[in-house]
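*Asks:* Spelled out, the chains give:
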Amino acid sequence: MEAIVEKKEMIRQLKEKILTLEGFSTGKDSRQLDFGLGPINAAFPGGAFPMAAIHEFVSPTETCAAAANGFLANLLGTLMNKGRICLWVSVGRRLFPPALKFFGIEPHRVIFIDVKREKDALWVLEQALKCQSLAAVVAELRNISFAESRRLQLAVENSRTTGFLHRQLLHSENTLACVSRWKIRPLASRSEDGLPGVGFSCLEVELEKIRNGRPGVWQFECRDGSFRILPNRHPASLSDSSTKKEQNYA
Amino acid sequence: MPKRYLYLWFRYLATDRMAKNNPELRDKAFLLYAPERGRMVVRAASPALVKEGIVPGMVVADVRAILPDIEVFSSEPETEEKLLNSLAEWCLRFSPAVAPDPPDGLILDISGCPHLWGGEQAYIEAIASRIRQGGYHTQAAIADTIGAAWATVRYGHNPIVAPGKQAAALHSLPPVALRLDKPTLQRMHKLGFQQIKQLMSIPRSNLRRRFGDTLLFRLEQALGNEREFLKPIRPTPVYLERLPCLEPIRTAKGIEIALERLLEMLCQRFFREGKGMRTGILKGYRIDGETVQINIGTNRASRNAAHLFKLFELKISELEPALGIELFTLEATLVEDVSETQEALWSMGSNHETAIAELLDNIAGKVGAAAIHRYLPQPYHWPEHSVKEINSLEGQPETEWPVNRPRPLHLLPSPEPIEVMVVLPDYPPMHFRYRDNLIQVAKADGPERIEQEWWLQNGPPRDYYQVEDKDGARYWLFRLGIYGDAKPQWFIHGFFV
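Protein sequence lines correspond, in order, to chains A and B. According to our numbering, the first sequence holds residues 1 to 250 in order. According to our numbering, the second sequence holds residues 1 to 497 in order.
If you are wondering where the hints come from, they were derived from the structure by calculation, not from laboratory data. One or more hints might be untrue.
Simulated crosslink set (DSS-like; lysine-lysine; CA at most 25 angstroms straight-line) [said to hold, decoys possible]:
1. A/K119 to A/K130
2. B/K310 to A/K119
3. B/K310 to B/K366
4. B/K315 to A/K119
5. B/K315 to A/K130
6. A/K183 to A/K101
7. B/K283 to B/K366
8. A/K209 to A/K17
9. B/K366 to A/K119
10. A/K116 to B/K310
11. A/K130 to B/K310
12. A/K116 to B/K366
13. A/K116 to B/K388
14. A/K116 to B/K315
15. B/K197 to A/K130
16. B/K182 to B/K197
17. B/K310 to B/K253
18. B/K253 to B/K283
19. B/K388 to A/K101
20. B/K470 to A/K183
Build the full structure now, drawing on both the sequences and the hints.
*Replies:* See the structure below:
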């Protein structure tokens with residue numbers, strides 16, 4: 001019996017070691033930040049949202065892009081909580097700064113860099129990811145190659161800044177060296193007691209890919225800028241996605 | 001910081017100079033003259049002569065008739081001007097900003113100086129006694145404005161006008177204390193204006209009609225409502241470093257080395273003087289006679305040589321050395337104070353701020369400063385006007401960001417027209433067509449009416465609706481205008497989360 005426990009402990013330590021070798025922060029800092037994501041945490045390697053990493057968001061339509069930015073703003077709100085600054089790089093930005101306040105972000109703490117060419121956006125993103133003083137960097141761009149994304153990952157591993165790549169209206173998806181790929185879709189809103197009108201917005205959050213973690217699908221409800229998981233639909237959708245995955249791989 | 005000015009009046013500047021050069025003239029009655037319209041007119045009279053009632057402007061022949069044994073000399077206005085300038089240079093020890101006020105005055109911007117001498121009274125005495133030791137008669141006055149100091153030194157009694165009290169000090173002075181031209185003064189005399197307070201009690205429009213804008217302008221200057229600028233004798237120091245080269249430089253590496261040396265020299269100077277660079281120009285003088293240059297700008301004053309080098313480095317490729325560059329100059333065209341205890345922006349450590357400011361400098365150097373945006377709330381309901389862009393990194397919002405009304409996370413740069421189907425006026429649409437997609441509306445909220453801000457623009461109001469289609473996508477639509485007058489148009493303006 002003792003041998004089994006010892007083995008388990010050894011495996012746990014080895015897993016952590018592998019994670020650190022792969023550039024994940026398993027230190028204290030990432031565990032202390034609670035993103036309020038609840039059960040999603042179990043899907044992440046080490047049970048905590050990977051901070052020194054690049055996350056990819058893919059939005060096929062404009063409405064999905066708004067939903068993804070909403071989810072992103074929620075994550076940013078936690079990352080920026082100690083009065084830190086965030087950089088928002090984009091080509092053809094649609095984001096309306098005052099709306100960030102609904103997600104607990106002071107919009108004047110976000111510095112927007114609006115460039116015309118994607119090449120410039122990539123350059124700015126890489127420079128910004130090297131800066132340790134930023135809480136996070138968000139980049140809205142369309143085309144990025146695998147090699148370019150690897151450079152970004154290397155920059156992040158040194159500076160331990162969180163990067164978000166939001167790719168909108170993509171013509172074709174390509175694999176990137178990002179830690180995760182998220183797809184966020186809006187769901188029909190829910191109102192209490194069947195009141196008329198638009199209720200609280202609901203989102204379907206699909207974690208399509210996560211390195212060393214378990215992908216899954218969750219449904220969230222956004223109330224006053226904070227996201228709450230919808231528990232009743234959760235198990236079904238998780239099994240749903242796993243079957244879908246299997247189909248994809250088959 | 002409130003401004004304080006000291007006016008030094010050298011009443012006998014010209015005659016004092018003569019007396020200094022010729023000691024036997026001291027305490028003698030003598031005068032300086034200059035020809036004017038074919039007559040010899042007194043330009044300056046020595047103190048002994050002024051006691052006798054001789055004033056500048058009299059004819060020399062008349063003076064000779066009254067006092068036959070006086071000495072007369074021709075005046076030298078250019079020498080006097082030089083003398084005034086050298087006195088101004090000498091006064092730099094009392095204040096860094098000294099401006100000559102020809103023909104016989106000096107203006108010192110003494111804001112923040114007197115406390116070093118132990119107060120304004122001690123300061124004024126120190127200056128006056130030093131100048132008297134030098135052999136010049138002088139009078140000094142301190143006031144908040146140049147105009148008030150000018151008036152007080154010539155016509156006032158108390159040399160120090162307390163801060164903000166210039167109006168009271170001017171009250172009892174004659175109108176000539178306002179630095180007016182002769183015709184205006186004569187007209188005032190004719191109309192019986194003996195004191196400035198009589199002028200102050202008259203409505204401005206009447207004064208302007210009768211005496212023109214100059215009088216009001218001078219009055220406002222003296223009272224401190226209109227700004228008056230000094231032309232300092234010594235301009236603010238120029239931050240320029242030069243590096244001549246033995247051999248003409250033609251390689252990028254050579255330019256880098258030159259730049260490093262120049263930056264090192266300049267940054268050392270910045271550290272000594274507590275300054276930092278905001279904009280800089282690196283110029284290369286080529287041996288074919290042409291000049292090439294690159295410019296940089298920073299978001300915050302910087303004296304970090306490594307950082308400034310990085311900014312210049314991005315642009316070194318733009319320098320065309322041709323046959324070679326023989327002289328490099330580095331000039332900081334805009335320099336600002338860098339204080340060690342700068343108030344923390346965004347309540348972070350100053351290391352973080354510097355790092356971010358340097359990152360933004362890099363970005364501005366590569367993609368242009370116009371690409372960097374920061375926003376502050378503006379108290380307008382019209383969505384396009386509800387934010388204002390600011391350039392600086394320091395700006396903090398004066399009002400809270402509003403959250404009382406729903407605003408979409410994505411806003412289109414300009415509203416796009418849509419085709420709608422509406423059951424009843426004032427109802428949200430049943431379905432609408434946006435970019436060739438027919439969208440069925442399942443749920444809707446609204447309207448939220450936003451009127452045009454009439455002081456900015458005119459037009460019909462917007463009625464905003466928040467609608468959701470059956471898939472859960474949420475849109476922000478509005479109707480421009482009201483059904484009834486004309487056919488209103490519908491637009492889509494944003495997307496909600």
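*Asks:* All hints, please: hold or fail.
*Replies:* We went through each hint and held it up to the structure:
no., hint, verdict
1, A/K119 to A/K130, "17 angstroms, holds"
2, B/K310 to A/K119, "20 angstroms, holds"
3, B/K310 to B/K366, "11 angstroms, holds"
4, B/K315 to A/K119, "18 angstroms, holds"
5, B/K315 to A/K130, "21 angstroms, holds"
6, A/K183 to A/K101, "23 angstroms, holds"
7, B/K283 to B/K366, "20 angstroms, holds"
8, A/K209 to A/K17, "21 angstroms, holds"
9, B/K366 to A/K119, "11 angstroms, holds"
10, A/K116 to B/K310, "23 angstroms, holds"
11, A/K130 to B/K310, "15 angstroms, holds"
12, A/K116 to B/K366, "12 angstroms, holds"
13, A/K116 to B/K388, "21 angstroms, holds"
14, A/K116 to B/K315, "20 angstroms, holds"
15, B/K197 to A/K130, "67 angstroms, violated"
16, B/K182 to B/K197, "20 angstroms, holds"
17, B/K310 to B/K253, "14 angstroms, holds"
18, B/K253 to B/K283, "16 angstroms, holds"
19, B/K388 to A/K101, "15 angstroms, holds"
20, B/K470 to A/K183, "19 angstroms, holds"
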